[in-house]
Amino acid sequence: MSFPWAKHYEPKYALTKWVDERLPLPRFVYSAVGGGYPVPRNLNYFWNFGVLAGAALACQIVTGIVLAMHFAANGAIAFDSVEHIMRDVNAGWFLRYAHANGASMFFIVVYTHIARGLYYGSYKAPREMVWLLGVVIFLLMMATAFMGYVLPWGQMSFWGAQVITGFFSAIPIVGETIRVWLLGGFAPDDAALNRFFSLHYLLPFVIAAVIVLHIWALHIPGSSNPTGVEVKGEQDTVPFHPYYTAKDGLGVAVFFLVFAALIFFAPNYLGHPDNYIPANPLSTPAHIVPEWYFLPFYAILKSFTVDFILPAKLWGVLAMFGSILLMFFLPWLDSSPVRSAKYRPTYRIFFWILILDVFALGYVGGAEPIARNVIIGQIAAAYYFAHFLIIVPMVSRMERPRPLPNSITEAVLAKHGAHPVPAE
Amino acid sequence: MANVDTAVPPGEDPAPFHEAVSDPRRRDFINIAAVAWAGVGGAVIVLPLVNQMSPSADVLAQSTTELDLSKIAPGQAIKTTFRKQPLFVRNLTQKEMDEADLVDVGTLRDPQTLEQRTKAGHKNWLITLGVCTHLGCIPLGAAEGENRGQYGGYFCPCHGSQYDTAARIRKGPAPKNLEVPPYNFTSDTTVTVG
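Chains as they are written, first to last, in our numbering: chain A, 1 to 424; chain B, 1 to 194.
If you are wondering where the hints come from, they were derived from the structure by calculation, not from laboratory data.
Quick caveat: nothing in here was measured; it's all calculated off a predicted structure.
We put the beta carbon where it would ideally sit given N, CA and C, even for glycine.
It cannot be assumed that every hint is accurate.
[What the hints assert, rightly or not] Distance ranges between label pairs, derived from CB positions: (1) B:N51 <-> A:P4: 47 to 57 Å; (2) A:F186 <-> B:G75: 57 to 67 Å; (3) B:N51 <-> A:L25: 28 to 38 Å.
[To be verified] Below, in silico cross-link-like pairs of lysine to any residue (SDA-like), each with a Cα-Cα straight-line distance of 25 Å or less: (4) A:K247 <-> B:A36; (5) B:K84 <-> A:N74; (6) A:K247 <-> B:A34.
Whenever a hint applies, use it, and build me the whole structure from the sequences.
Have a look at this one:
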């Protein structure tokens, strides 16, 4: 499970020795995130984002547990209980802004983490399971974030719940029955609010459990690295602690600086003013959009405007879910044996086009549905699928990659102007 | 002398870290400073997480209660609330006041006279929390027909504490007299508690 040169935990004191013989938890931690986990020596700052995602989840769980002490999951008083948190509860404004913006921080970090995986080919053998579990975590995050957004029971909460559960009504024949079952009614109300609260509290702990599997699966082959070349020997690695605890520590500090800037200077910048209007089942807001982190998917949903064999509504929902489920197949769509885009000149260009494409989708997702935006959205959505289903498989077969370094150490030394020594 | 900033010759691994050949004081300083600063940040963030559990502004705003005494006849008591706790307001009869005054204060568990427990000129108005000082049950005796215990004051049914007509603990496990909340007469028949 680890490299043969990994250091072993050696308890120094009688007490730690006594504990280790009975419950080797410190040994487990040492081997997972301590000096006993050898990590490639050349990781760049993009490798901080896994730890940052963990930090974001921890912040969400802590602030969420605290908010749940004051929130009332009842349609009649949910909105007021949130205002009560903002006005009356000691530091309640801070805790709620931290939770709301913490969700945005979590998604910023996770999107960067996913983009890192796409650029450096982290999804490729032997780390496919790490990637698959990551997609599961992402899906769970989306469900959790959506249900959390419903809880304040403002206009966007209510209509968000209406629209998202409306996706299920696109399913032929049984769709409407499923929607009514999900809501526990014909429109969002107490029943829906209560079950969303229950699940919103549950799912983060499910996410934490899947993260354990994600890290477990990662530690079987060990971390990848920016060259994509596997570790060949002890000279290619450094112990996780202190080298990457220190590097991650710096990343965490920067993360909290950005997080604090959002909380204290622009707490509502990423939100919608409409959600400070209490839910009104008889009036839809003029311009209803999801939170920013769902906008690219929302754009894909909106791109289907004509019926083609199936109704446009069903196409939109299928495409939206498909755009994420597609990720499960990525390790097998990309057959290039070279992982890192650093050595894949053609793939690298298409990677950046995909990033631009996703930003375009994000723009269209939040924009008014005028003709120009609909067309941009349709092109961008088509390109998104083309990237994964056509471009990636073709590029991986046709591209001529640049020569790979013989080892991580060789790459590191070459970068610092030294002459590579023959492989030992 | 090698230190952490010395370039590693090509093809060689960095020399193992030895206290003697490096610059331990500088490295230790950075380490301690960084961890200590993170610790300060961690401690500061705990403050709102703990303090959010203290009474919120709307709860603190409930901390005064206005009372109208004009409808309470001598010998009668009413139960109302102060900070969501039961509040006993009792109009003592002359007999009850005499009984309370006859007790030798020195023999009491929590020595107080009736004067000390009431306001000057309003000795008949005994205003106390209806919270037994043992474990917080509501003693009986405020409502008509309830058991007032062998001292004619209040009787706590949970563990048998007995209070006299000045609501002082006389028998049973309770350690203190029933608490007198802060209050003022705003007129002869109105009181503001809190």
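Legend entry - Whether the CB-CB distance between N51 of chain B and L25 of chain A falls inside 28 to 38 Å: holds, 32 Å
Inset, instruction - Compare the distance between the alpha carbons of K84 of chain B and N74 of chain A with 25 Å, and conclude whether the hinted pair is satisfied. - result: Holds, because 23 Å separates the two Cα atoms, which is no more than 25 Å.
Legend entry - Distance restraint between K247 of chain A and A34 of chain B, which requires alpha-carbon spacing of 25 Å or less: holds, 12 Å
Inset, instruction - Please work out if K247 of chain A and A36 of chain B have their alpha carbons no farther apart than 25 Å. - result: Given pair K247 of chain A, A36 of chain B holds - Cα atoms ~17 Å apart, limit 25 Å.
Legend entry - Range hint compliance [Cβ, N51 of chain B to P4 of chain A, 47 to 57 Å]: At 51 Å between Cβs, range holds.
Inset, instruction - Note whether the CB distance of F186 of chain A and G75 of chain B lies within 57 to 67 Å or breaks it. - result: holds, 60 Å
Of the numbered hints stated above, none is contradicted by the structure.
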